[in-house]
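So the protein lines, in turn, are chains B and G.
Under our numbering, the residues of the first sequence are numbered 1 to 385, in order.
Under our numbering, the residues of the second sequence are numbered 1001 to 1385, in order.
Keep in mind that the hints were calculated from the coordinates and are not lab data.
Among the clues, some could well be false.
Unchecked claim - Footprint (simulated), chain B over chain G, 3 or more residues, beta carbon under 8 Å:
no., segment
1, 1068-1078
2, 1286-1296
Stated by the list, open to error - Restraint-style ranges between C-beta atoms, simulated for each label pair:
no., chain 1, residue 1, chain 2, residue 2, range
3, G, Gly1079, B, Pro235, 37 to 43 Å
4, G, Thr1151, B, His87, 51 to 57 Å
5, G, Arg1203, B, Leu353, 40 to 46 Å
6, G, Glu1366, B, Ala375, 31 to 37 Å
7, B, Ala382, G, Leu1331, 33 to 39 Å
8, B, Gln57, G, Arg1203, 20 to 26 Å
Claimed, not checked - In silico DSSO-like links for lysine-lysine, alpha-carbon gap of 27 Å or less:
no., chain 1, residue 1, chain 2, residue 2
9, B, Lys46, G, Lys1334
10, B, Lys19, G, Lys1334
11, G, Lys1046, B, Lys334
12, G, Lys1019, B, Lys334
The beta-carbon is built from N, C-alpha and C at its ideal position, and this holds for glycine as well.
There are 2 protein chains.
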Amino acid sequence: MTVTHPEGFRAAGIAAGIKASGKPDLALVVNDGPQFAAAGVVTRNKVKAAPVLWTEQVLQFGTLRAVVLNSGGANACTGPQGFQTTHATAEKAAELLGCGAVEIAVCSTGLIGEQLPRQTVLDGVAAAHAALAGGEEAGQAAATAIMTTDTVAKTVAYTDPAGWRIGGMTKGAGMIAPSMATMLSVLTTDAALDAAALDEALRAAVRVSFDRLDIDGSMSTNDTVVLMASGAADPADPAAFTEALTVACRDLAAQMQADAEGVTKRATIVVRGAASEDDAVLAARTIARDSLVKTALFGSDPNWGRIAAAVGYSGAELDPERLDITINGVLLCKGGCAAGDRSAADLTGPDVLVEVELGVGSAEAEIRTTDLSHAYVEENSAYSS
Amino acid sequence: MTVTHPEGFRAAGIAAGIKASGKPDLALVVNDGPQFAAAGVVTRNKVKAAPVLWTEQVLQFGTLRAVVLNSGGANACTGPQGFQTTHATAEKAAELLGCGAVEIAVCSTGLIGEQLPRQTVLDGVAAAHAALAGGEEAGQAAATAIMTTDTVAKTVAYTDPAGWRIGGMTKGAGMIAPSMATMLSVLTTDAALDAAALDEALRAAVRVSFDRLDIDGSMSTNDTVVLMASGAADPADPAAFTEALTVACRDLAAQMQADAEGVTKRATIVVRGAASEDDAVLAARTIARDSLVKTALFGSDPNWGRIAAAVGYSGAELDPERLDITINGVLLCKGGCAAGDRSAADLTGPDVLVEVELGVGSAEAEIRTTDLSHAYVEENSAYSS
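Work out the full structure: start from the sequences and follow the hints.
Structure, rendered in structure tokens:
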């Protein structure tokens, strides 16, 4: 199940004709209430897509009736014309749902710098509205319609013993280095929580889930995560809700990691002994982004020297004489020196755990990433994909 | 001609047996005076190789008689034993040249985390000393002995109308994102300049040459540039010398760019209209490091949206509505929007010029980089190369 798992939500995913391939490209997720509280986070990229500019504005009111999402075009770097397309999309959905345009969030994903075919999108919103339904099938259709280079739809569902539920969907396989948000993700809940509680829970969850995923260091112009609450169930304990939401977001982030462009290895980089959590994130992220570390992962090569070099230029505080590096449980570097035969570490499997001790404090953090493979180069060197 | 181009220098490059392949792996560059002024810059990586720690110390005195360089091993992350190897290397060269060990700089390059075979290196220093000679052949031998994944030796020579000369050699094809220095480079001059003048000239030249080259964003543990002056010619005008040294360093940097691991495109990223030079460098460097931009270059794809996204997350100040992007002379993005058909830009040749206007100031900077190709992935995924 997906965004339709909680009570009070319907969804649809259809082929509007935005993608030349004719594949599904437009999704609609509607909150039928009785409450319409919402929160969201968007990319910190200074070049923001039109739908991001729009959604940032409407999120200020803490109320959303629906989210319209399209693949087949990012509507980024499209100027006033692109913004008008987003605005018209929200107005169309609002008209159909009998609410105001400011209660409609809009998300887009695809190639940057091309105008969306406005009428095609508006007709698609009408078709999606006509197709709205609750249940598994409609939720999966919505999750499928937002895919770009994703090879599988990514969804999550959780039911709390207290009765409330969380559902979610996400997309993203490249240009993934979220900052305050990631790609497109819609989360739903029937827990009765107000916008402020949702905002607090969402920021806490995103910070340690989507924000700790780094596929290629490229922060998108379109990253958006929206959380809507229908209030169809009882109020939830905020702490329990935040914890469940965090687990759901980490689940979606892991699905994006597993389906990343060209992935052959899923790597988890854990940095400990840092002076601060920020420093631990900085060191782990620098390792995760280093092209030489990523190609070594692809080659199943326990080349810990490249990890040491990356930590060294990351800017994180460290003691070179207390630097330890462990790969898949084998200590390869102890106190800044070789700890034994590097070939003792077996990296031939699909999962790699890299643990680094900086030796200056007690803070730690984890970043999930992937390798840099021939398939990544192939997929991203094709014409304007 | 190379480091032996100025009067007062001899060099040698020999196969000491450090590399298992039996290829040349040890170089010696000797200043025969009458003066021995020197300057140098080393990596800012916090994980510094033993020879970097040594050379940083001896450079404080502003006097060098010689530089010993080896390929076949970085002598980084090798602890006290590695530092003793560097110290013994300097002592051996000093004994042969009749000077103090503090007048000998040492540079190493190769795999991180393995001890160098100390006796092999010391015997190599003796063999190199015996082979010392002036002239073209000896200079080329030295430049060849420091190669790792380089496919060609990289040298430069300049003769000023005033009579003084500059020579130089460098190596480096990957793990190149220098900061205050790049890989291993030895520059020589017969101009009569003191250590302070050399230091000033070298820092000015490096800042706009090696420091503006970024192949893969990975800063090495071993980067070192050393400049030695024999004083065998007349004193040079400091401004003229700095200018000539800058041209020489840019020439060597361009040679490293052209021979980068897996390179199929040489890209120059020019950012203008920045609030400061630092901001221009930040934006240009972020573009140069972005995996999606680099794979698009490999695919000859004028995908300017990826450049816009990279500029947007770089942290540089910019006005999204005044953002212009030009590729190979074709304006593709004007005022943050598509300026026409992107296919008008032809990227099929080996050289690509990317020009970006940030629209907020008048500062500019240029970074040279390369594409991200299958060959880069292939070369760097091989076992512990």
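Hints versus structure:
no.	hint	result
1	1068-1078	holds (count 4)
2	1286-1296	holds (count 6)
3	G/Gly1079 / B/Pro235: 37 to 43 Å	violated, 59 Å
4	G/Thr1151 / B/His87: 51 to 57 Å	holds, 55 Å
5	G/Arg1203 / B/Leu353: 40 to 46 Å	holds, 42 Å
6	G/Glu1366 / B/Ala375: 31 to 37 Å	holds, 32 Å
7	B/Ala382 / G/Leu1331: 33 to 39 Å	violated, 24 Å
8	B/Gln57 / G/Arg1203: 20 to 26 Å	violated, 48 Å
9	B/Lys46 / G/Lys1334	holds, 16 Å
10	B/Lys19 / G/Lys1334	holds, 25 Å
11	G/Lys1046 / B/Lys334	holds, 16 Å
12	G/Lys1019 / B/Lys334	holds, 25 Å
Taken one by one, the earlier hints fail for this structure at numbers 3, 7, 8, listed in ascending order.
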